[in-house]
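Chains as they are written, first to last, in the working numbering: chain A, 2 to 64; chain B, -10 to 459.
Honestly, I wouldn't trust all of these hints.
Chain A stretches covered by chain B per the calculated footprint, using a threshold of three residues with CB under 8 Å from any CB of chain B [stated by the list, open to error]:
(1) 8 to 14
(2) 23 to 36
(3) 58 to 64
Worth flagging that the hints you see were computed from the coordinates, not collected in a lab. As the structure is a prediction and not an experimental result, all values here were calculated from the model. Yeah, the Cβ is synthetic: ideal placement off N, Cα and C, and Gly gets one too.
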Amino acid sequence: MTDLAGTYRNLVALQGVYLDEKRAASAAEVLQRQHVVEQAATRELAFEAEPAGFAGTLNAGAK
Amino acid sequence: MSELLQAGAAELARMLRAKKVGAAEVMQATIGAAKQAHQRLNCFVRIDEEDALAAAKAADRALSRGSVAGPLAGVPMAHKDMYYREGVPSSLGSKIGPGRPAPATATALKRLDTTGAIQFGVLNMTEFAYGPTGHNYHLGHCRNAWNPDYITGGSSSGSGSSVAARANFVALGSDTGGSIRLPAHFCGVAGIKPTYGRVSRAGAMPLSFSMDTVGPLARNVEDCALVLQSIAGQDPADPTSSAQPVADYMAGLSRPVKGLRIGVPTGYFYDHVDPGVEQLVRGSLKAFTDLGCEVVEVGLPDIEPWNSAGIAIIAVEAAAQHATWLRERPQDYSDQVKARLELGVGVTGVQYINALRLRDHALRTWLATVMSKVDVIHAPVVSFATPTIAETDVGGGTKMTEVLGKLTRLMRPVNYLGLPSLAVPCGFQSHGLPCAFQLIGRPFDEGLLFRLGHAYQQVTDWHRKVPSMG
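Input sequences plus hints: build the corresponding full structure.
This is the structure:
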């Protein structure tokens, strides 16, 4: 098991969920991949951006 | 198949009001077809024969007195088994659900009740609505009416399958990452995923509160419009439901579509698309051109991060919703759903909040760069040929993320953006399974999607094709 998979396994175990090594390795790999994509996207976000803006934009987007 | 079962819901409602057919007669025929379809497709969880027939007889009496004005009076419906009726347990497609009597009736069901529609059963679904294929390891896999070896799509598997088999007129589904549009595509029926907040989620099983939407699957676009008309609108029981006024979808259905601009994306939606699927989806554009629409190519912003952020949001919210059961009853989940929930437990708080922070920016970008140029986007629902149940039986193993990710890739960004999307059948793939396109609109512009989808169905007959149930 890689360090990353082991860390992941410990992180979820802290929350009461126990994974075998294979499952932990697979999940850690998936999350790392997703994280790279999202990190690149959020780098461009304004420091002030907040989740609450979404509902307003959705309503304002109606014709 | 009985002639009574050929009509759409809106047409049937008109026939019932004109007393050309009786509600009890239609209900009897529907229940017969449902029992037959279920044997082959495993699409129902429960059929409430006695209650439904009693309600249909009452509807006949009321119709004969002229005292029923509901637009769907006497129309039989069965819904995904995640819409609560107070005191009645819903399976939620799971082992855990049947032990929990529902706390209150779903707003969507209450609103359908006021239209006079009669619920006669509940339908198979993916366990906790968390999966895009239609597999269910507790209730048995739901099967495609066009060929039972193939997937129905999920998670509204029974909704797609029963409506396609003409064993049901309309079925509520839910769409968090494609769960209405995927079964509509795979089963050859119409399905509307409304704008986030358009329909109350109160009394509907939660999966991801930021992404869940409620909508119908039906035999045609007109039926989708009629049902959405009945269930849409603000609801005090759901604080996330929108105060935006609900347009008169039915009145707008037959307005001309000439001059409307239909955008065809140049990237993402057509990346890695199967040539057979591409031919069918692009081929459907000719009908719109013939109707006087302007079809234009549109470049898209980078959507990949939005898909990824959508995955993170659903994963975390689902894991939070299930946290107690996941700790205390892990053995009661199927391997795949458990694996997906476990994935959500490991997403960090920072990643989750950033996925939510990015959402507003993503929607602004989409509205400014895409929807400023066109009225709707026309795109495939799925980019590859419909697979079999066996081919997609990946459980929670290492291929799971890849297979499920491929299935939902063209769906989830639309949920992330909160936009409405209508799936409309547009032909058959070389192995005989149906294919659909999706029309993606501006927020709360479901009426325009219905208008375009209905216009398409006035000049094509894919929605009238019925699978053989022999």
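To see whether the hints hold, each was checked on the structure:
Counting residues of the stretch 8 to 14 of chain A whose C-beta sits closer than 8 Å to any C-beta of chain B gives 3, which meets the bar of three, so the coverage hint holds. Counting residues of the stretch 23 to 36 of chain A whose C-beta sits closer than 8 Å to any C-beta of chain B gives 9, which meets the bar of three, so the coverage hint holds. For the stretch 58 to 64 of chain A, the assignment as covered by chain B holds, since 6 residues bring a beta-carbon within under 8 Å of that chain's beta-carbons and 3 suffice.
No hint from the list above goes unmet by this structure.
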